[in-house]
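K.L.:
Sequence:
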Amino acid sequence: MAFKEWPYEQMKGVFTSLSFFIFLLFVFKLARRTKSKSNMKLPPSPPKLPIIGNLHQLGTLPHRSLRDLSLKYGDMMMLQLGQMKNPTLVVSSAHVAMEIMKTHDIAFSNRPQNTAAKILLYGCTDVGFELYGESWRQKRKICVLQFLSMKMVQSFRVIREEEVGELVNKVRDVSYSGARYVNLSEMLSSTSMNIVCKCVLGHKYWGDSYSRVKESARNVMIHLTAFTVRDYFPWLGLVDVVTGKIKKYKATFKALDDLFDQAIAQHLTANTQSQKKDFVDILLQLQRDTMHNFELSKNDVKALLMVYSSLSLNRYSTFTFL
59 MAFKEWPYEQ MKGVFTSLSF FIFLLFVFKL ARRTKSKSNM KLPPSPPKLP IIGNLHQLGT
119 LPHRSLRDLS LKYGDMMMLQ LGQMKNPTLV VSSAHVAMEI MKTHDIAFSN RPQNTAAKIL
179 LYGCTDVGFE LYGESWRQKR KICVLQFLSM KMVQSFRVIR EEEVGELVNK VRDVSYSGAR
239 YVNLSEMLSS TSMNIVCKCV LGHKYWGDSY SRVKESARNV MIHLTAFTVR DYFPWLGLVD
299 VVTGKIKKYK ATFKALDDLF DQAIAQHLTA NTQSQKKDFV DILLQLQRDT MHNFELSKND
359 VKALLMVYSS LSLNRYSTFT FL
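For the sequence shown, the residue numbers in the working numbering are 59 to 380.
Certain hints may be false.
[What the hints assert, rightly or not] List of simulated lysine-lysine pairs, BS3-like, C-alpha gap at most 25 Å:
| hint | residue 1 | residue 2 |
| --- | --- | --- |
| 1 | K160 | K262 |
| 2 | K199 | K356 |
| 3 | K199 | K335 |
| 4 | K335 | K356 |
| 5 | K305 | K256 |
| 6 | K176 | K335 |
[What the hints assert, rightly or not] Each pair of labels, with its calculated beta carbon distance range:
| hint | residue 1 | residue 2 | range |
| --- | --- | --- | --- |
| 7 | I109 | S233 | 54 to 64 Å |
| 8 | E157 | L189 | 19 to 29 Å |
| 9 | A155 | Q324 | 42 to 52 Å |
| 10 | W264 | I164 | 39 to 49 Å |
| 11 | Q212 | L100 | 29 to 39 Å |
| 12 | Q212 | T301 | 42 to 52 Å |
| 13 | D339 | H114 | 26 to 36 Å |
Everything labelled a hint here was simulated from the structure, so no lab data went into it. Glycine included, each C-beta is placed from N, C-alpha and C at the ideal position.
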């Protein structure tokens, strides 16, 4: 019998039974979820709304909203942000924060890998978003012993002195020209970018290339902290595609990925034996070194470069604030 030939009462009975079955399934899953949660001693949580959870309570100034909520619910509270798989633990006590970050640091070592981080950081293979494990430990060791060691900081002293000297000369030239004001924000931004680019990539940029690098580095920080719908509501991922957000993420990634490919190719072609090494030189040397039981892929190299090249924006923000 065709579907359109079914009697009305028969169709009504089928849909009623189906609806009742779905309702029972929903109640069963809700009961199991409630039972599993009741067995755990969780921190207090503000009242949640269906679907969005506690998102509406963050407001336009989340840091102030969290402060107000902590005054009411205590130094530790749980928030459900949308439909994220894991709830968010908010800590407002220095003592509890020390317990989490020192005593129980391994249990809390992983960060949520959001959409922007997966796109911009080569599938979260950097030290900021990669899951805790041997790969993360090796990359952290590279950052601490190679990039942030006192020997490396001192080796870049000449670069810092050169760029600061150029900054002073620019300010002096502008003052001698009779100008009524000096745009220190732009000059400090340029100096910071030049120092970072020379330390990380081996040279600085001018003109359009400088503008593209600066804009791309700035966009990385903006994208990583932006609100992406699919991170909180996975079934609404199409919204990020329609609004063009994913396209922007991929465009920023491609711009910097091409930059890193070019820098790596130039270093491989130069094959210099100079004692003055930038970050690309160090990473390529570690990649060739077979003494370590750790394989550093090209994407691993570029992910680490992505993190350190984006520091220029943080420095610019600090200079502007000062």
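K.L.:
Run every hint past the structure and note whether it holds.
P.N.:
Cross-check of the supplied hints:
no.: 1; hint: K160 - K262; verdict: violated, 39 Å
no.: 2; hint: K199 - K356; verdict: holds, 18 Å
no.: 3; hint: K199 - K335; verdict: holds, 18 Å
no.: 4; hint: K335 - K356; verdict: holds, 18 Å
no.: 5; hint: K305 - K256; verdict: violated, 29 Å
no.: 6; hint: K176 - K335; verdict: violated, 29 Å
no.: 7; hint: I109 - S233: 54 to 64 Å; verdict: holds, 59 Å
no.: 8; hint: E157 - L189: 19 to 29 Å; verdict: holds, 22 Å
no.: 9; hint: A155 - Q324: 42 to 52 Å; verdict: holds, 44 Å
no.: 10; hint: W264 - I164: 39 to 49 Å; verdict: holds, 46 Å
no.: 11; hint: Q212 - L100: 29 to 39 Å; verdict: violated, 49 Å
no.: 12; hint: Q212 - T301: 42 to 52 Å; verdict: holds, 47 Å
no.: 13; hint: D339 - H114: 26 to 36 Å; verdict: violated, 50 Å
Consistency with the previously given hints fails for numbers 1, 5, 6, 11 and 13, ordered from lowest to highest.
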